Amino acid sequence: MSCEELQEQYGAYALGTLDRSESGELREHLETNCANCVPGVRKALSLVTVLSGGVELKDPPKRLRKRVLALVNPVVVKGNAWQLGWSLAALLAIMLLAVAIPAKKQAEDTARLEQALSVLNDPAAKDVSFGTAEKPARGRVFVSPTKGVVFIAANLPKLDKGRAFELWTIPANGKPVPQGTFQAEADATAVYVRQGALEQPVAVAVSVEPEGGSAQPTTTPFIVSKIGS
Amino acid sequence: MSGQYDEELARRLQRREPQAMADLYDRFGRLTYSVILAIVRDSGVAEDLVQETFLRVWNRAQAFEPGKGALGPWLLAIARNRAIDYIRSVQSRMDRNSYEFDVREHPSLFVDMEREVLNTDHARVIRAALAKLTDNQRKVIELAYYEGLSQSEMAERLGQPLGTVKTWVRSALQLLREDIGQVVSA
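In the order they appear, the protein sequences are chains A and B.
Every letter in the first sequence is one number past the one before it in the working numbering, and letter 103, counting from 1, is 103.
Every letter in the second sequence is one number past the one before it in the working numbering, and letter 56, counting from 1, is 56.
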């Protein structure tokens with residue numbers, strides 16, 4: 001399609017009303033930094049954005065400001081984080097990790113927090129807790145079919161050198177799908193975030209594997225939890 | 001407030017000053033919450049998505065061009081995308097994925113944009129322009145803006161041919177551009 005033909009689509013693209021098949025060509029074209037189309041789409045986006053100014057204004061609750069600021073200025077919360085809501089515990093765990101590390105790593109962890117938030121905020125996400133007297137590793141897993149997985153655990157077993165934990169999602173066909181490896185912190189806790197769409201699992205599992213990970217579990221998983229429908 | 005204020009605010013966000021986040025929230029928090037609430041219609045969800053929106057701005061501020069970019073419009077585009085992404089997820093309408101939103105909210109698209117488009121004086125102009133649309137034109141704009149429906153989905157919802165819906169969308173945007181043009185230089 002020529003720039004002239006694509007011009008017809010600027011408004012609908014900015015508004016988000018083009019179907020995926022329709023928007024693909026314009027999107028790819030914009031990636032070439034076309035001198036005609038990029039300014040045209042900017043103007044269309046400007047028009048769509050200005051429509052936001054027409055909404056009826058509502059006052060947000062005062063606590064929302066604190067929540068937003070806590071994202072960049074976390075404070076240590078006294079008490080047992082595991083007694084907090086699980087979503088909050090996950091966020092706190094990630095934020096507290098970010099306090100004690102260098103700026104470059106901090107940026108990575110802030111990105112991880114953003115990924116975790118997208119999973120936790122997904123209404124389609126399902127979660128399951130694990131941990132019993134016989135199996136002391138305890139925690140919770142959040143699974144979003146479109147956003148990814150957040151895994152939070154405490155009391156993880158000590159690993160031998162060269163070994164790592166590997167997270168698995170188990171779809172209805174039963175064959176475990178590897179979701180990446182991770183290590184525990186010195187206090188035997190772990191917060192692991194894996195972003196990306198995945199087939200809705202019926203269970204999640206964690207096994208001990210070689211550091212590079214395995215295609216299928218090579219040891220019996222020490223965590224296996226079914227996910228309710 | 002002036003564009004110069006937003007420019008300095010963007011630079012402070014890039015320096016990762018926590019107070020800049022507070023100032024950003026004080027400047028745009030109410031409007032951001034209102035836009036998201038108008039779309040998701042659930043105050044608890046709106047709070048979560050406002051939090052996600054501000055975090056996204058914080059994380060992506062480095063890609064923003066303070067001297068040229070329009071901070072408010074960029075933030076509000078992110079807010080609307082988060083809200084639409086949410087309701088599409090609730091309604092299992094995931095044919096258009098988050099990548100699409102990522103492209104449409106890239107900071108480079110908010111360069112040289114009129115920064116004062118969110119001036120409260122303009123709210124009356126915007127509402128008046130929307131009121132001048134025909135019922136069908138207003139309906140498709142609302143379905144797109146507040147529900148994130150594609151033109152095909154609107155055609156199905158309204159029981160109208162796709163071509164008719166496309167005409168309504170195009171003519172509505174054209175009229176809005178003419179009426180709000182002075183505000184956005186569109």
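No wet-lab data here; the hints were simulated from the structure.
There may be inaccurate statements among the hints.
Unchecked claim - Computed cross-link-like contacts, DMTMM-like style, restricted to lysine to aspartate or glutamate with a CA-CA straight-line distance of at most 20 Å: (1) A:Lys62 - B:Glu147; (2) A:Lys66 - B:Glu65; (3) A:Lys66 - B:Glu147; (4) A:Lys58 - B:Asp23; (5) A:Lys58 - B:Glu147; (6) A:Lys58 - B:Glu156; (7) A:Lys62 - B:Asp48; (8) A:Lys58 - B:Asp42; (9) A:Lys175 - A:Glu199; (10) B:Lys139 - A:Asp19; (11) A:Lys126 - B:Asp23.
What the hints assert, rightly or not - Listed next, the stretches of chain B that the computed footprint assigns to chain A, with coverage defined by at least 3 CB atoms under 8 Å from CB atoms of chain A: (12) 15–23; (13) 49–61; (14) 131–138; (15) 148–162; (16) 166–178.
Keep in mind it's a predicted model, so treat the numbers as computed, not measured.
Ideal placement from N, C-alpha and C gives every residue a C-beta, glycine not left out.
Now the hints, each set against the structure:
Restraint check for Lys62 of chain A and Glu147 of chain B: not satisfied, since their Cα atoms lie roughly 27 Å apart, outside the 20 Å limit. Proximity of Lys66 of chain A to Glu65 of chain B is assessed by CA-CA distance (about 27 Å); at most 20 Å being required, the pair is judged violated. The suggested pairing of Lys66 of chain A with Glu147 of chain B is violated, with an alpha-carbon distance near 29 Å, which exceeds 20 Å. Only pairs whose Cα atoms come within 20 Å are accepted, and Lys58 of chain A paired with Asp23 of chain B is accepted, the gap being roughly 19 Å.
With a C-alpha separation of about 19 Å, the suggested pairing of Lys58 of chain A with Glu147 of chain B holds against the 20 Å cut-off. Among the hinted pairs, Lys58 of chain A with Glu156 of chain B is inconsistent with the structure: their alpha-carbon atoms are about 32 Å apart, more than 20 Å. Using a Cα cut-off of 20 Å, the hinted pair Lys62 of chain A and Asp48 of chain B holds, with the two alpha carbons roughly 14 Å apart. For the hint pairing Lys58 of chain A with Asp42 of chain B, the CA-to-CA distance comes to about 12 Å; that is within 20 Å, so the pair holds.
For the given pair, Lys175 of chain A sits about 11 Å from Glu199 of chain A by alpha-carbon distance, which is consistent with the 20 Å threshold. A hinted pair counts as satisfied when its Cα atoms are at most 20 Å apart, and Lys139 of chain B with Asp19 of chain A qualifies at roughly 18 Å. Restraint check for Lys126 of chain A and Asp23 of chain B: not satisfied, since their Cα atoms lie roughly 35 Å apart, outside the 20 Å limit. Counting residues of the stretch 15–23 of chain B whose CB lies closer than 8 Å to any CB of chain A gives 4, which reaches the minimum of 3, so the coverage claim holds.
Counting residues of the stretch 49–61 of chain B whose C-beta lies closer than 8 Å to any C-beta of chain A gives 9; at least three are required, and the coverage claim holds. Chain A is given as covering the stretch 131–138 of chain B, and this is violated because 0 residues of the stretch bring a CB closer than 8 Å to a CB of that chain, at least three being needed. Counting residues of the stretch 148–162 of chain B whose C-beta sits closer than 8 Å to any C-beta of chain A gives 6, which meets the bar of three, so the coverage hint holds. With 7 residues carrying a beta carbon less than 8 Å from a beta carbon of chain A, the stretch 166–178 of chain B meets the three-residue requirement, and the given coverage holds.
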